[in-house]
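Undergrad: What follows is each chain in one-letter form.
Number of protein chains: 2
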Amino acid sequence: MPSEFQLIADYFTRPVRRAERLALGVGDDCALLTPGPGMQLAVSTDMLVEGRHFFAGAEPRSLGHKCLAVNLSDLAAMGAKPLAFTLALALPDANEAWLAEFAQGMLALADAHGCELIGGDTTRGPLNICITVFGEVPMAEALRRDHAQVGDDIWISGTLGDARLALAGYLNEIELDSATQEEAGKRMHAPTPRVALGLALRGVARAAIDISDGLQGDLQHILERSQVGATIDVDALPAGPMLARHDTDLRRRFTLAGGDDYELCFTAARIKHDAILVAARETGVTVTRIGRIEAEPGLRLTGRDGEPLAITTTSFDHFRTP
Amino acid sequence: MPSEFQLIADYFTRPVRRAERLALGVGDDCALLTPGPGMQLAVSTDMLVEGRHFFAGAEPRSLGHKCLAVNLSDLAAMGAKPLAFTLALALPDANEAWLAEFAQGMLALADAHGCELIGGDTTRGPLNICITVFGEVPMAEALRRDHAQVGDDIWISGTLGDARLALAGYLNEIELDSATQEEAGKRMHAPTPRVALGLALRGVARAAIDISDGLQGDLQHILERSQVGATIDVDALPAGPMLARHDTDLRRRFTLAGGDDYELCFTAARIKHDAILVAARETGVTVTRIGRIEAEPGLRLTGRDGEPLAITTTSFDHFRTP
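So the sequences go chain by chain: A and B. The numbering of the first sequence is this note's numbering, which starts it at 1 and goes up by one. The numbering of the second sequence is this note's numbering, which starts it at 1 and goes up by one.
For the record, the hints were derived by calculation from the structure and aren't laboratory data. Please read all numbers here as calculations on a predicted model, not as lab measurements. Among these hints, one or two may not hold up.
Claimed, not checked - Computed, partial: chain B to chain A, Cβ under 7 Å:
hint : residue
1    : GLN40
2    : ARG52
3    : GLY119
Stated by the list, open to error - Only part of the chain A face toward chain B is listed, based on derived beta-carbon distances under 8 Å:
hint : residue
4    : CYS30
5    : ALA90
6    : GLY119
7    : CYS130
8    : ARG270
All residues carry an ideal CB built from backbone N, CA and C; glycine is no exception.
Given only the sequences and the hints, what does the whole structure look like? Please build it.
TA: Structure representation (structure tokens):
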């Protein structure tokens with residue numbers, strides 16, 4: 001069996017590119033990283049556990065993609081440009097075929113974003129993948145959760161709910177034909193972090209968050225941190241193409257509290273309306289206005305007719321009793 | 001059962017100190033961090049798995065200490081000053097008493113080093129603790145593994161082998177009286193990262209590494225990265241006070257390849273001899289000269305008499321077949 005150090009050398013060490021920001025990568029006690037002049041470093045950590053964040057036996061290439069994608073999504077929600085990441089990996093055994101696929105899926109996405117693997121740790125243990133990602137953002141331009149203001153429009157990128165639809169199919173909560181299951185499954189297994197949109201929203205949007213646990217719960221974080229409230233039009237939420245074929249009830253529930261969407265929810269002054277449409281067009285992402293920030297605390301839901309809706313959903317919480 | 005967000009709020013969110021380097025901490029998509037002018041950011045990640053890096057049922061307070069200590073030790077080995085860390089935690093259940101103790105052990109050490117918890121992730125899963133730590137070091141003063149030069153003295157801080165002695169006792173490899181087991185156990189459970197010494201060695205030492213897997217294996221990393229060799233006097237290795245009472249064979253093996261020591265092994269030009277003794281005295285750490293960097297590749301061991309020694313040891317490797 002190859003050693004820990006051999007595994008790192010074989011699958012995760014690449015020719016050092018000595019990128020502008022990176023003085024020293026894998027293979028020392030620490031990596032050395034320098035944000036550019038006037039830049040702050042944005043840092044985020046996500047841990048993915050087998051059986052909790054992905055099914056046991058998940059296909060390793062898309063798993064590698066997804067683990068990095070969810071971290072890049074956090075940078076996107078901050079308006080930060082990806083620079084580098086560290087990877088800590090607990091593996092039940094040193095399965096080289098698995099590792100090769102996993103590394104390829106991860107490093108392909110990393111390369112697409114110029115995000116360098118600069119360090120990490122490998123150990124034996126129940127499958128667990130912990131990534132810490134680093135980006136840079138100009139001082140005072142970060143899209144912070146606590147910056148929403150009363151009167152801001154609330155926007156969402158892309159579409160919601162197809163990842164949740166795929167999960168419902170896998171769990172036999174609903175029956176999906178195999179083509180739908182496969183299409184929706186792509187959304188669940190290979191999310192696209194909205195990095196370019198996040199960068200384009202610097203100086204345009206005020207507050208942002210990425211939708212990982214479901215819009216309803218995640219938007220609440222913006223409301224609480226900004227000490228504001230909001231009303232959103234549930235029927236304005238853009239359903240994914242697979243979910244769009246289902247009935248209103250399912251569409252409302254899965255767009256509102258689906259989870260695993262990795263779209264950006266952001267707020268912006270009304271005067272930025274056109275600038276946002278430009279940012280979206282230039283980055284090839286659709287955006288939809290879904291509501292308004294208000295002074296009254298709490299999140300209010302309405303239907304297309306503007307009448308209040310009472311929808312019972314629960315946002316994803318890793319310690320919720322199943 | 002408290003939610004994920006409540007757990008974070010209860011145990012790991014503290015009044016934001018808005019330290020000079022920290023613009024934004026726990027509670028957004030990313031933390032924002034700014035190294036000082038002329039400083040590089042040093043980054044290191046370690047993952048600790050129950051049953052692999054610590055015994056199942058380990059006392060949570062010292063576990064919290066140790067998880068951060070091993071990361072701070074990586075900063076020390078780089079000559080970097082601790083700034084901040086992220087914590088990702090997979091827990092089998094939300095045991096609040098356990099979490100309170102764990103957080104206290106970790107945050108006490110963090111406070112002692114002015115190292116702020118700036119973000120993280122909690123999830124349900126087999127117990128796994130992943131920390132990424134950030135420090136700053138002036139450009140070109142980092143103690144890199146690839147900077148050793150032929151003719152350098154090789155030094156070690158503190159003492160070696162007591163943590164390995166404790167492990168041997170727990171595993172019934174050898175019999176220890178309960179007082180010895182307890183004393184040696186402290187060394188294993190509550191290592192002291194040599195942060196102050198690492199800082200004092202900036203501009204004095206050339207290459208450094210922290211001893212986590214055992215001196216013999218870890219020194220090899222310096223030799224390989226610097227493309228040099230070395231000879232060390234095994235009988236000059238400073239044994240921990242508990243190990244020192246044992247016979248020569250055990251002392252040699254456990255100082256050479258014990259693991260879990262978290263001392264610094266560093267190289268320095270001969271002319272820096274006195275400066276190193278000053279750095280050690282000022283930081284209250286003993287240092288011992290144990291050998292010399294040479295042009296001939298490989299690591300050669302001698303006894304006190306200078307005669308070559310052949311000692312069979314294996315450095316710790318997480319994927320080694322047990």
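Undergrad: So, for every hint listed, does it hold in this structure?
TA: Hints, verified against the model:
{"no.": "1", "hint": "GLN40", "verdict": "holds (5 Å)"}
{"no.": "2", "hint": "ARG52", "verdict": "holds (5 Å)"}
{"no.": "3", "hint": "GLY119", "verdict": "holds (6 Å)"}
{"no.": "4", "hint": "CYS30", "verdict": "holds (4 Å)"}
{"no.": "5", "hint": "ALA90", "verdict": "holds (5 Å)"}
{"no.": "6", "hint": "GLY119", "verdict": "holds (6 Å)"}
{"no.": "7", "hint": "CYS130", "verdict": "holds (4 Å)"}
{"no.": "8", "hint": "ARG270", "verdict": "violated (24 Å)"}
In this structure, the one hint that does not hold is number 8.
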